[in-house]
Amino acid sequence: MAQPPVPEGLDLLGQTGIITGGNTGIGFEAAHALLDLDLSRLIITTRSEAKGAEAVAKLEQLHPSAKIEAWTLDMLSYESIQAFARRCSVLDRIDFVILNAGTKSGDFITSENTGHEIVFQVNYLSTVLLALLLLPVLRTKHSPAKAARLTLIGSGLALTAKFPEQNADTIISAFDQPVAWGTQVAQERYSTTKLLLLMFLVKVKDYVNPEDVVVNVADPGFVKSAGLDRSLPAHVRAIFALMRSALGRDIKAAASTYVDAAVIKPDSTHGSWLSNWTVFPFPAIMHTPEGEKIIEKLWDETIEELDFVDAKGIFATRTLTAKTLSS
Numbered sequence: 001m002a003q004p005p006v007p008e009g010l011d012l013l014g015q016t017g018i019i020t021g022g023n024t025g026i027g028f029e030a031a032h033a034l035l036d037l038d039l040s041r042l043i044i045t046t047r048s049e050a051k052g053a054e055a056v057a058k059l060e061q062l063h064p065s066a067k068i069e070a071w072t073l074d075m076l077s078y079e080s081i082q083a084f085a086r087r088c089s090v091l092d093r094i095d096f097v098i099l100n101a102g103t104k105s106g107d108f109i110t111s112e113n114t115g116h117e118i119v120f121q122v123n124y125l126s127t128v129l130l131a132l133l134l135l136p137v138l139r140t141k142h143s144p145a146k147a148a149r150l151t152l153i154g155s156g157l158a159l160t161a162k163f164p165e166q167n168a169d170t171i172i173s174a175f176d177q178p179v180a181w182g183t184q185v186a187q188e189r190y191s192t193t194k195l196l197l198l199m200f201l202v203k204v205k206d207y208v209n210p211e212d213v214v215v216n217v218a219d220p221g222f223v224k225s226a227g228l229d230r231s232l233p234a235h236v237r238a239i240f241a242l243m244r245s246a247l248g249r250d251i252k253a254a255a256s257t258y259v260d261a262a263v264i265k266p267d268s269t270h271g272s273w274l275s276n277w278t279v280f281p282f283p284a285i286m287h288t289p290e291g292e293k294i295i296e297k298l299w300d301e302t303i304e305e306l307d308f309v310d311a312k313g314i315f316a317t318r319t320l321t322a323k324t325l326s327s
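All residue numbers for the sequence shown refer to full-length UniProt numbering, where the first residue is 1 and numbers rise by one.
Everything labelled a hint here was simulated from the structure, so no lab data went into it.
Remember, predicted model here, so these are calculated numbers, not experimental data.
There could be a bad hint or two in this list.
Only pairs whose alpha carbons sit at most 20 angstroms apart, straight line, appear in this in silico PhoX-like list of lysine-lysine [unchecked claim]:
| hint | residue 1 | residue 2 |
| --- | --- | --- |
| 1 | K141 | K205 |
| 2 | K203 | K67 |
| 3 | K58 | K205 |
Restraint-style ranges between C-beta atoms, simulated for each label pair [said to hold, decoys possible]:
| hint | residue 1 | residue 2 | range |
| --- | --- | --- | --- |
| 4 | L13 | K58 | 18 to 24 angstroms |
| 5 | K146 | D36 | 15 to 21 angstroms |
| 6 | T72 | K312 | 47 to 53 angstroms |
| 7 | E79 | D107 | 21 to 27 angstroms |
Just so you know, even glycine gets a beta-carbon here, dropped at the ideal spot from N, CA and C.
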């Protein structure tokens, strides 16, 4: 499908947006695109203050009238995620958040902070935690005239995920079991984490009023730029580079999928997966009785894992409040 044009008259003047991992790649290009639409305030996140300052300087050269900031956020640290959410809670206004930060890994690595394998940690658990913490903030910070938008970044690779951990007694702990890591396993792990995000989406949508916050997932597609491939072995990067050059879409087109999901698509996309700028069917496994059981099991385990922010209590009442930020 061809990239659709931006609707005539779309203007983000007065709005505030946040993009995690917005200092490089598709996130950085999306930042440019949103600022081109006169976004008044943009917050990007980086793990390094220096890299954040460098990205802000580049953006300010082209968009001198906008207020652009870089905040530090380490998706491998629950403390950092909670601190970031608390910082967001004191903003005057937030119109949309794009959870773009993600990772691949060429090796099996366990986070020193959480004890979980890092791809599973960043792409799933930490993204879900940040979403959970931001939902009550967005509920109170959006414009009275329009619901806030929370867009998670997914991948079409979710369709290819074999998800071998689905049959484990405990799904979350299965991701932490050391395995013989290689390119195929690394790709499978990444794909599976993107499937898990879709499983989270179909559950969390029922706990969120779309009149307050619209939650969706956007797929940027296969992109020419290397992006997360940098963590893979050199010979694998070379192969992927050839494939991306031949088959990948331009990074501006990829970034437009972020913009489309976060500020263009209607509120009816609440709980939807957007691919190629349109609502896309969920992977087949999610439509089966067995898949529905897996979704429920994953949800229960996730809420239990994140209960240190009282996730269980919040969702038990189907009410998202700011109490998670004060704990």
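Now for the hints, and whether the structure bears them out:
Between K141 and K205, the direct Cα distance comes to roughly 19 angstroms. Compliance with the 20 angstroms bound is thereby established for this hinted pair. Restraint check for K203 and K67: the C-alpha separation of about 35 angstroms exceeds 20 angstroms, so the hint is violated. About 36 angstroms separates the Cα atoms of K58 and K205, which puts this hinted pair outside 20 angstroms; it is violated. In this structure the supplied range 18 to 24 angstroms holds for L13 paired with K58, their Cβ-Cβ distance being about 22 angstroms.
At roughly 20 angstroms, the beta-carbon separation of K146 and D36 lies within the given 15 to 21 angstroms, and the hint holds. Our hint of 47 to 53 angstroms for T72 and K312 is violated, since their Cβ atoms are close to 29 angstroms apart. Take E79 and D107: their Cβ atoms lie about 25 angstroms apart, and the range 21 to 27 angstroms holds.
Hint violations for this structure: numbers 2, 3, 6, all remaining hints satisfied.
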